[in-house]
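Number 308 in the numbering used here belongs to position 308 of the sequence shown; there are no gaps in the numbering.
Not one of these hints is a red herring.
Below 27 Å or equal to it, Euclidean Cα-Cα: the simulated DSSO-like pairs (lysine-lysine) are:
{"hint": "1", "residue 1": "279", "residue 2": "290"}
{"hint": "2", "residue 1": "93", "residue 2": "111"}
{"hint": "3", "residue 1": "127", "residue 2": "164"}
{"hint": "4", "residue 1": "304", "residue 2": "285"}
{"hint": "5", "residue 1": "267", "residue 2": "295"}
{"hint": "6", "residue 1": "279", "residue 2": "297"}
{"hint": "7", "residue 1": "279", "residue 2": "242"}
{"hint": "8", "residue 1": "275", "residue 2": "290"}
{"hint": "9", "residue 1": "93", "residue 2": "203"}
{"hint": "10", "residue 1": "242", "residue 2": "287"}
{"hint": "11", "residue 1": "93", "residue 2": "164"}
{"hint": "12", "residue 1": "267", "residue 2": "290"}
{"hint": "13", "residue 1": "53", "residue 2": "18"}
{"hint": "14", "residue 1": "93", "residue 2": "127"}
{"hint": "15", "residue 1": "279", "residue 2": "304"}
{"hint": "16", "residue 1": "111", "residue 2": "89"}
{"hint": "17", "residue 1": "93", "residue 2": "33"}
{"hint": "18", "residue 1": "267", "residue 2": "167"}
{"hint": "19", "residue 1": "33", "residue 2": "18"}
{"hint": "20", "residue 1": "167", "residue 2": "93"}
{"hint": "21", "residue 1": "304", "residue 2": "267"}
It is worth saying that the hints were derived from the structure and are not from the lab.
No experiment lies behind these values; they were computed from the predicted model shown.
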Amino acid sequence: METCVIVPSHISNINRTKMLMQCLHLLTNQTTKIPIYLSISFESEIDKILFNKLIEKNDLLNNETLYIIYQSQRTSQFRHIENVVDNIKDVYKYVMFCDDDDTYEIERVEKFMTLIEHGITNCPKDKIFAGCYERDLQQGSHSLSFYEYWSYCVNIEIILNFYKILKTSNYGYVIDNTMCDVLFATYLRCLDNRHMFVSVCEKLYNYNRNEFSITGTISKNNKRNREECLQTYTNNFELFIKNTNEDIERQMEEIKNHIFVKYSMRKTSLDDILKLCLKENYIYKDKIDKNILSKIKHEYDTVKGVCDVLYQYK
Numbered sequence: 001m002e003t004c005v006i007v008p009s010h011i012s013n014i015n016r017t018k019m020l021m022q023c024l025h026l027l028t029n030q031t032t033k034i035p036i037y038l039s040i041s042f043e044s045e046i047d048k049i050l051f052n053k054l055i056e057k058n059d060l061l062n063n064e065t066l067y068i069i070y071q072s073q074r075t076s077q078f079r080h081i082e083n084v085v086d087n088i089k090d091v092y093k094y095v096m097f098c099d100d101d102d103t104y105e106i107e108r109v110e111k112f113m114t115l116i117e118h119g120i121t122n123c124p125k126d127k128i129f130a131g132c133y134e135r136d137l138q139q140g141s142h143s144l145s146f147y148e149y150w151s152y153c154v155n156i157e158i159i160l161n162f163y164k165i166l167k168t169s170n171y172g173y174v175i176d177n178t179m180c181d182v183l184f185a186t187y188l189r190c191l192d193n194r195h196m197f198v199s200v201c202e203k204l205y206n207y208n209r210n211e212f213s214i215t216g217t218i219s220k221n222n223k224r225n226r227e228e229c230l231q232t233y234t235n236n237f238e239l240f241i242k243n244t245n246e247d248i249e250r251q252m253e254e255i256k257n258h259i260f261v262k263y264s265m266r267k268t269s270l271d272d273i274l275k276l277c278l279k280e281n282y283i284y285k286d287k288i289d290k291n292i293l294s295k296i297k298h299e300y301d302t303v304k305g306v307c308d309v310l311y312q313y314k
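Given only the sequences and the hints, what does the whole structure look like? Please build it.
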């Protein structure tokens, strides 16, 4: 089966490197062997030196299934994937994914290969077999619920088309967006009805939950800032609004990521986006700095434009 795994990685500390070693250990010891392409970049030369030492210490240096591609500069997750896919597109038909701090169950590759073979064999002639994914029985199919990009094993032509659409539509810079994985996963969900996916209802991927996620950070910051504002400026509304504007401005990058996620997953309206971003302060929307609202609208329009050209809404 012409299938491989891509592991995109940017290393910025020793803990991340240790998690990557565990990730690679389980990938190289799958019951069914599969080529593993690790595309990796480093925050510093020290991080690179430590990585090389651990690779050797863990007997991965000469592993025949592991291919390490060193990037010369800090590289985003989906730029890593693009770099690998461009170089293997004539060799493989299907691609699996694994984040560098996550792990596979030991039989995940074997079960996915069986699923791929089943899908190819049973795909109707008027359909395109797109791939397979790991499904949660409670969530239902991916047409009903969002699944992370690493849940999938995807036909490489579909991955290439994702990048092609972004680039030819002048949205190539989105590839470097932190939330590009959400965009790609939703792109897979929105492929038209000619495309067929099969799924396995079994937990085969171990996701390392990140307490510092974008949405979690925004939520905690909003709660803290609201409490501080209300306590400090209870009797001075003008100062309260000024402080609120400053808080929103400080969180603008987080808000932009929030907009990217919410719209790309659900086509959320601009007004609902404002409610999500401003929370209880939404009632003071008319008092919010117009430049801030303009930035939010600009980001919203940009994300909408990306989704409009990328998604094949069913």
